[in-house]
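Student: Starting from the known structure of chain A, fit chain B onto it as the hints suggest.
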Amino acid sequence: MSQRALRSSPWDAEATLARAKAGDTTAFADLVREHQGMVFSLARHFTRHAQAAEDLAQDVFLELYRSIGRMESPSHVVFWLRRVTSHRCVDHARRKASRSELAVADLPEPSAPAAEAPDPFLEARVRQLMVQLPPAPRMILALRFQEDLDPQEIAEILGIPVNTVKSHLRRAIEQLRTRLQPMLERV
Amino acid sequence: MMIEQSLRRSLRRTEPSRGFAERTVAHAIAEHASPPSRNHPHTRLSRRAAIGLAASLTIVTAAGWWHMAQREAEAERARQDVELALRITSEKLLEVQSKVQAKMARLGDPQF
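Taken in sequence, the protein lines are chains A and B.
With our numbering applied, the first sequence corresponds to residues 1 to 187, in that order.
With our numbering applied, the second sequence corresponds to residues 1 to 112, in that order.
Chain A with its partners taken away, still in its complex shape (with noise of 0.2 Å):
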């Protein structure tokens, strides 16, 4: 069973963020589960380790319950959710930029979905090269394929000019293309 399947009642997003900025913590949880999916998964694509992904989306959300009150509509609850993810992954990247980190980063993912991958080991790969990059372009690479943003829509979340958001992808981009050919080639 899916986690949105737990749900307390069919989705409407108005309605249940209506319902949690008045208080109700079920209609929070809805909305947790609703977007734990999408925070989660820049959290992981960018650290590429499950448990500090948790912990991140955890702080998140705590985040979320704090501002409830500000929220003024469900996507401005996606806009903010994903903002706040990216900056908190930017700067957990900044603080913990150790080699240990980097250890662990090189190791495989052990719940990689294997089974519905055309090519386990090329996606894999990809994700150990994207967590080699630079905050700034990992991020930026997670918002524009995993959440399949346009340049200028990222720009708006990162409160970075668009260019240095095409500049980042085309660079990012280019470095994998090199980085994965030999392996593309055989696909």
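These aren't lab readings, by the way, just hints derived from the structure by calculation.
Careful: at least some of the hints might be erroneous.
[What the hints assert, rightly or not] A few chain B residues that face chain A, going by a derived Cβ cut-off under 7 Å, partial list only: (1) I3; (2) L7; (3) R8; (4) P16; (5) A21; (6) V25; (7) A28.
Here a beta-carbon is modelled for each residue, glycine too, at the ideal position from N, C-alpha and C.
Tutor: Coordinates of chain B only, in the frame set by chain A:
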């Protein structure tokens, strides 16, 4: 395009471990129920900030009062100096006036 497809596949969403939402909400409720304790770092920081602010305000106020008192004392001294100067001038004028009158009387001025 190949690399972009690989990125999309590699970076698809996944769910956190089971019970994540429940744990998060429980944490949020617990945090909300217990406001920061006296020993919480934020509380300590706020208390220190308040003490610092109060000390700064006291110093600024005291300095202001001292400065004002100094200005008032200077003004009082200046007023006394002016009074003294006027008194001396007045005495000198009276002295000159009496000398002039005496001289005029000696000269037989009918006005005196």
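Student: Can we keep the P16(B) interface hint, with Cβ of chain A closer than 7 Å?
Tutor: holds, 4 Å
Student: Regarding the hint that I3(B) lies at the interface with chain A, is the smallest CB-CB distance below 7 Å?
Tutor: holds, 5 Å
Student: Does A21(B) meet its interface restraint, that is, does its C-beta lie within less than 7 Å of any C-beta in chain A?
Tutor: holds, 4 Å
Student: Closer than 7 Å between Cβ atoms is the bar; does A28(B) clear it against chain A? Give me holds or violated.
Tutor: This interface hint holds because 4 Å falls under the 7 Å limit.
Student: Against chain A, run the beta carbon of L7(B) and see if the smallest gap drops under 7 Å.
Tutor: holds, 4 Å
Student: Let me know if the C-beta of R8(B) comes in closer than 7 Å to any C-beta of chain A, holds or violated.
Tutor: holds, 5 Å
Student: If you take the shortest Cβ to Cβ gap from V25(B) to chain A, is it below 7 Å?
Tutor: Given a least distance of 5 Å, the restraint on V25(B) holds.
Of the hints listed earlier, there is not a single one the structure fails to meet.
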